Amino acid sequence: MNRTAAAQPHEFIDTTTPVASVTNLSIRFPTLDGTAELRAVDDVSFDIRHGETFGIIGESGSGKSTIGRVLAGLLAPSDGTVQFDGTDRATLSRRKWRSFRRAFQMIFQDPSAALNPRMTILDSLLEPMRFMGGMDSAEMRSRALDALERVGLRRDLALRYPHELSGGQKQRVNIARILPLSPKLVVCDEVVAALDVSIRGEILNLFVELQRDLGLAYAFIAHDIAIVAQISDRIAVTYLGKFMELGLTDDVIDRPLHPYTIALMSAEPQPLPAHLRNRTRLRLEGDIPSPLDPPGGCRFHTRCPWATEICRTEAPEWRELRPDHYTACHHTTPDGLPPLPDRTGEKGAA
Amino acid sequence: MNDMSPPADASATAPTTPPRVDRPGLPLRILHWMIDDPIAAIALLVLLVIFICALFADQIAPYDPTLQDYAAMLNPPSAMHLLGTDDLGRDVFSRLIHGASASVYAAVLAVTVATVLGVPVGLIAGYTGGWIDQIISRLLDTFLSFPAIVLAIAVTGVLGIGLTNAMLSVGIVFAPQLARLVRARALVLKQELYVEASQCFGASSGWILMRHVLPNAIQPVLVQMTLLMAVGLLAEASLSFLGLGMQPPDPSWGSMIARAYVYAQIAPAQMYAPGIAILITALAFNTVGESLREALDPTSRT
Amino acid sequence: MLTRRLLQAIPVLLLATFSVFMLLKLLPGDVAITLAGENATVERIEEIRRLKGLDQPLIVQYGQWVMGAIQGDLSESLLSGEPVSTTLARVFPNTLFIVLYAVTLSVAVGVPLGILAASRAGGLGDKLVMVLTSVGVALPNFWIAMIFVVIFALNRAWFPATGFVSPFEDPLAALWYATLPAVALAASGMAEVGRQLRSSLVETLHSQHFRTLHAKGLPFRSILWKHGLRNVSVNLLTVISLLISRTLAATVVVEVVFAIPGMGNTIVNATLQRDFPVVQGAVLVMVLTVITVNLVTDILYSILDPRIAQQ
Amino acid sequence: MNETKRKAIDALPPLRRRQVLSGLAGLATVASIGGLPAMAQANGENILRVRANANPSSLDPATGGSGSDHTFLYNHYDTLIDWEPDTLAPKPGLAAEWSFPEPKTLVLKLRDGVTFHDGSACDAEAVKFNLDRNRTAQISNIKQDLASVETVEVTDPLTVTLRLSAPDTALPLILSDRAGMMVSPTALGNDPETNVDREPVGTGPWSFVSWTDGEKVVGTKFDAHWRDGVPGTDGIEMFVMPEESTGLRAVQSGQVHIAYQLSERQKILVEKIPNLGIVSGPTLYIHQLYVNAARGALQDVRVRRALSLSVDRNAFVAATQANVGEAAYMNLPKAHWAYSEAAAELTTYDVDEAKRLMEEAGYGDGLELDLRGYPDQGSVQRQEVLLAQWSKIGVRGRFQNAPVAENSGRFFGEEKQGDLLMSAWTGRPDPSLTYALLYSENSFYNPGRVAPPEGFADAIQRSRETADQDARKVALGEVQQMVMQAQLTIPLAVRYEVDAVTSEVQDFNANLLGKPKFNDVKLG
Amino acid sequence: MSTAAVIDATAPLLDVRNLSISFQGRRGQPSSNIIHDLNFSIKPGERVGLVGESGCGKSVTGLSLMRLLPGTAKIGGQVLLQDIDMAKANSKQIRRMRGKSIAMIFQEPMSALDPVFTIGSQISEALRLHERLPRAEERERVIEALAEVGIPAPSQRIDDYPHQLSGGMRQRVMIAIALINRPQLIIADEPTTALDVTIQAQIMELLTRLSEERGMAMLFITHDLGVVAETCQRMITMYAGQIIEDAPVDEALAQPAHPYTSGLLRSLPHFNHERGNFAYIAGRVPSPFMMPDGCRFAARCPHRIEGCDAPQALRDIAPDRRVRCWRSEDLRLNGAVDTAPAPMPEVIS
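Residue numbers (this note's numbering), protein chains in the order written: chain A, 1 to 350; chain B, 1 to 302; chain C, 1 to 311; chain D, 1 to 524; chain E, 1 to 349.
Just so you know, the hints here were simulated from the structure itself, not pulled from any lab data. If you're wondering where the values come from, they're calculated on a predicted model, not measured in any experiment. Hints may be right or wrong, so weigh each one.
[Claimed, not checked] Here are the simulated BS3-like cross-link-like pairs (lysine-lysine), alpha carbons at most 27 Å apart as the crow flies:
no., chain 1, residue 1, chain 2, residue 2
1, E, K74, C, K127
2, E, K100, E, K74
3, B, K190, A, K184
4, C, K52, D, K416
5, C, K25, D, K416
Model the full structure from these sequences, guided by the hints.
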């Protein structure tokens, strides 16, 4: 209800020097047989500001996880540059990079897989500190246990093995282990997707709380637009390796500029009694094309009800249509999309 | 709005599902396992007996295994000689017990060599990937398509014929199998999230290999090692049969069979005892290996 | 894919023959001593080395061999003077025959065993098969070969104790001669096939899409025979192709026991006597065989599993 | 069929009974085809099948090197001079007679009308060609044998005269070996440097048909052979089966008629098998230890003597040869014409003397030796017995076994590894050759290249200067005593020929050389 | 027809009575009671959502209706479907029911199809079990079925292998297989969980349409309340192996009678929730080995008072509403009503 209030950049957000700055990023993977190339991310540019939560939303094949891995320093760009806190990774030596990257961390979707099953929780907690140096083992231990408490877990869990913990507890451990590194940016890749609905809120609150206390920036990646909308300051909508729309959360949710954003919101099933549900919804026809062979022109044209000839032939420009609100669509205007011609109708109205 | 939510701590400390059963002590765990898999327990017992035979052959064997008695050659089993005597009048039972040490030594040596050679190579190939992996994989292909016997003859030729050298060559032959296994595991493991997490922390490749990849790759290696023990045992027998293994006058099961074969027509029973000894030991190793595989593989428990 | 696989085979072949060559060269003693034989004198041995070109630099010797091999000339045995290609053309089919016989037996017995066990997983039949196959896997094949000889050839003359008849000369006699060696070789093969088939079949039968089959209302027998077997056929193929390679290696000792003029005997003798051209040629053929088996396996994979075909 | 079974069958109704009986007969048929391919043909044809124990190294007498080749070579080649099977005394072969008109000249009178398998004549020219090839051609492996021959002259079409550099009465017997086997010069294209190693053409009883390596060598009757009634069969097939028990099974099942050179132990077994006969007798083949007298403790003659004296050779024969054979007290068997009783006494078992010698040499506490041998089961067994016997005088050691090509190279070749090699001596038709090859200072078989005792060369020379067998025996006896005194080799046991033959085989006899000839064998 | 329809409308198609399921543990371990005393029914043509978190037993329930549980499962009670008790029927009877009367759609369309057979043959295989047709006709029927589930160019795709299709298409094939013999009841176990949202919307729409066209009853097993809200008429909520609430969807969403249902609804993210303040239910589901005797949700329940430790029965509180909470009448629980739907731009209206 008070989304508007919360949408104001909170006190930590420093709008001058971005914590991560991505320019014309492309990531290509060779396919297994080496004959083709998967363009997972194609010419994407954005900044993440200190202390903000930058939401990235998209369906499978959108390249959102790949972008996350680039932001965590796990992948080097095939093309374009990524500046971490103003520094280009390519200019650092291997050793320097290893210590530099500590400020850029990642929390993964599967909390179990991110913990080595053969290490105790304490060992997992100690691991990042071992590379920092300057601490004796007693100090590391006490900091590890502090971190454990900080995320709301009992200290005695430290001697257990991951399989003895619940999913939520494991995700807390994953969060706890990066705390001693004082990260500036944490990439959260579908961090609650593997958790039960009833406890997701707990973990998400923890993220919010930590941000408030420590001033971290998050790159929050998810396929669930509702969650992203509820946690992010800004939202980027990705489709087949490209950004479709980028802007402040309220702008994107309330005044979406791109048809795909509208479709994503429409597709979200609404747990409401029939009379309260939106009667007007945009239902997309057809499948998501394969990222191995993305459509030419606008990537979205095969499923877009607004698509015309130009969409098929020409890739739309990435434009700032409203202040801090970018999109790539031939048909949209600063006031939004023109009314849809009759052919689509009210598909979801039933 | 948060009327539903007690403090976060409450949930975090709530009992997990399933409840943590206190880890019992080792003896109890072994007991549990034995009840769970009695056949494997028997197999382990058999191996234990064989190891004891190997270690204390001198004390257990009723006769000196090399003591010859030309007056009692190729005798059938009797009260004096439980399994009869061989072609030089030596006590077959005593030779069988002494042969255990040679055979067990042979199997252990071959598997150790294979592990020492194969595991690092597989780790490096799988973890590094790229052209290093390509080269190592081609090398492994070569070794795997190579007639092992030529290698065995060559190794024993260069280093001298003898059980140790023969099993060294068997170890070299086994190594690619382990290397392949470890490589495949490493390929998977390096994609694991905890490896990526470790990379994020600034871990070096060495750290990741030693702390994350190796410990998680070692389980199938352990299983394969026990299974290779059995194969090593059979290889010892084959090489001794070809005269490349155990050298006289000490007995090994393989050389006993080889010798007995000369007398197949006169005293066919001579072949049975060492053959059955190999069979039982190999069976025991395999059984323990399978049980380990079962016990260590979370997917096989449904 | 085929050409890529073939190209990959070339370094493997070169590597294999070269390493064999170097290994043999590392060995003490040489064929000259054998050739000089009873009449050996120090001078004569030197002279023979010269005559046979054994005094040339290693790389030259290997190079000459490779050049010859490319032109299809595998040179002659140093010991008997027989062209190596003649030797191999004679012994290789024999070995291949035994190997195929043994593998066929392994499959013919192993597959029904595996199916029986898998279809009664956990039951008495399953346990029985598992015990049987455990023993089979642990059997030393040369030992079982000897036992067979004693029982079936010496005690009861059901099968010949030794020797071999080429399948081209007299197919029936060839089968009859090859039976004991093939059974000895197949003892572990049957067990291996049975076990592997059982475990992959059990795994497949518990996989998600088999639940769909049950949900459709398919009877168990058609789930097992149609979907089960088709789904494990790729696994089975892997097992069989490994089995061929392994049986090929295992023939060595069994050929010695049964005095079969095959690759195993040839390689062992030639290696023992340092008859390089023969060893080289034989290794070439063995490696080629393994590569061919792998290649055929890959092609069959793509026929059996549409997912592989697509890649 | 035992009583119960018979009753059970009688109890069946007539029809069933016939079925059962015919079924049994069928089973018997199946069982009896044990030797099917061989036997089926054997009924009609008169072809001798022999199990040989090794693939020939070459079928050209000049280029081969293996002692086991002779058995194959005899089938296709005749020698200029032959020997008496029992004593190895020389007798006429292709040369109807021979003489030494003076000590340095040997004249050979050839038989008339002898032709090679290719039809060309085996005359004086052919003989000269062969002898010159054997003693000078690069490819010849037997140059050493004819080292004393200076020139070979064709005196007339059937007479050849050999001029020698020194008197050499060993030559006639040398000409009964490889050096005397005549190859058709036509087949060689009259070029001494070519060979017929895979297509032998000689004057022998069977002309060559085929040789498949490691499998068989086939010959067919040479009708124009100069001796009447030779060969006794229309063809010969030599099957290569290195493994002894395999060989025995082959003859047992009737796949072959003769399996020669079985192990002595198998004699007992052969005797138990009905329808198999045994041909047996001593041979020149002697199991012995080669001593590297230039190494360590073995430089001391006392140690070498002790090693020899401590061997209970009779027990050795009992254990390793099932008492088939005889103790070897020197490099010749008892039956040989040059056997020396005096030399034999030098190696008679005396463990006390051996202990005394060891003590005297300073090895009273024992001695560790580097032993070498071959890995076949027979060798291994001999090694085990030997080690057991030596333990009495404190000699220890473990055999490092390797194939022949490897261990002879290591032991005799430049590496000079190992103190002792357990091997064998296959014998030569003339004993002076044996001694010269084993003990000459630069001989390959003298691993330490140690000088032989003084007077050794003299005595050998004396044995070659006279053609009189008794005089030769005296001279060779001296040689034998010298080498046994110095114990430069340690003979252990004489190998006995043990040949298993089927009941069809007639006129097959063992010979002292230990290399069977099948010329006269008939199948009945 | 109309009379029958009337009768059918009252008589349940599926009647589950006192269903309980337990799994035998490995040797030496206790067996676990996964499902305890389950009672519910489905009327012909009715779409029912079975919701709950992972581990609450909803999937096991679905599988038990088809008798697809592994041999280690022990089933008690009755599962009555068209006079056949699926819990007791022999394998032949069950096979006759499967596909023809009751069919199932699974979560992972990727692994639920046999990878080595074409989709056409997998559909015709199901068809052939209950109906023998000439080849050409059979193929025609399969193509029809493919077209019906919205697969474009069905006559070409019929010979495709599963891996050649996208996830959404595979799920359509699964639906075609399930529907080919026109069953009266479809069990859909998380049919869209593995799919993207835009695809999920298509599949849900397809299932709803087919159910309506054919008068086919459906049991949706899902953890996604949104899916249930948009497709089902009735919602059964399960918790720790028990049904805790059974109500018409709109009523349950607007005013849940059980604190757990309410908690679940509150935990869902909403576009218009305050940012950074997420609701949740604290605590964990009790382990099947340590089930409390009383209300199984009590330990997590914010409305717990004394007396909640006593066993709770599933009570009728309205003609078609049941709840397993003795306080339901006292509590005025929050539903999803105070949340608004996602804002939709007017362009598409």
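Outcome of the hint check:
1. At most 27 Å may separate the alpha-carbon atoms for a hinted pair to count; K74/E and K127/C meet this at roughly 24 Å.
2. Note on K100/E and K74/E: the hinted pairing holds, with a Cα-Cα distance of about 25 Å set against a maximum of 27 Å.
3. Note on K190/B and K184/A: the hinted pairing holds, with a Cα-Cα distance of about 26 Å set against a maximum of 27 Å.
4. Annotation: proposed proximity of K52/C to K416/D holds, straight-line Cα distance about 24 Å (limit 27 Å).
5. Our distance criterion of 27 Å between C-alpha atoms is met by K25/C and K416/D, whose separation comes to about 19 Å.
Every hint from the earlier list agrees with this structure, and none is contradicted.
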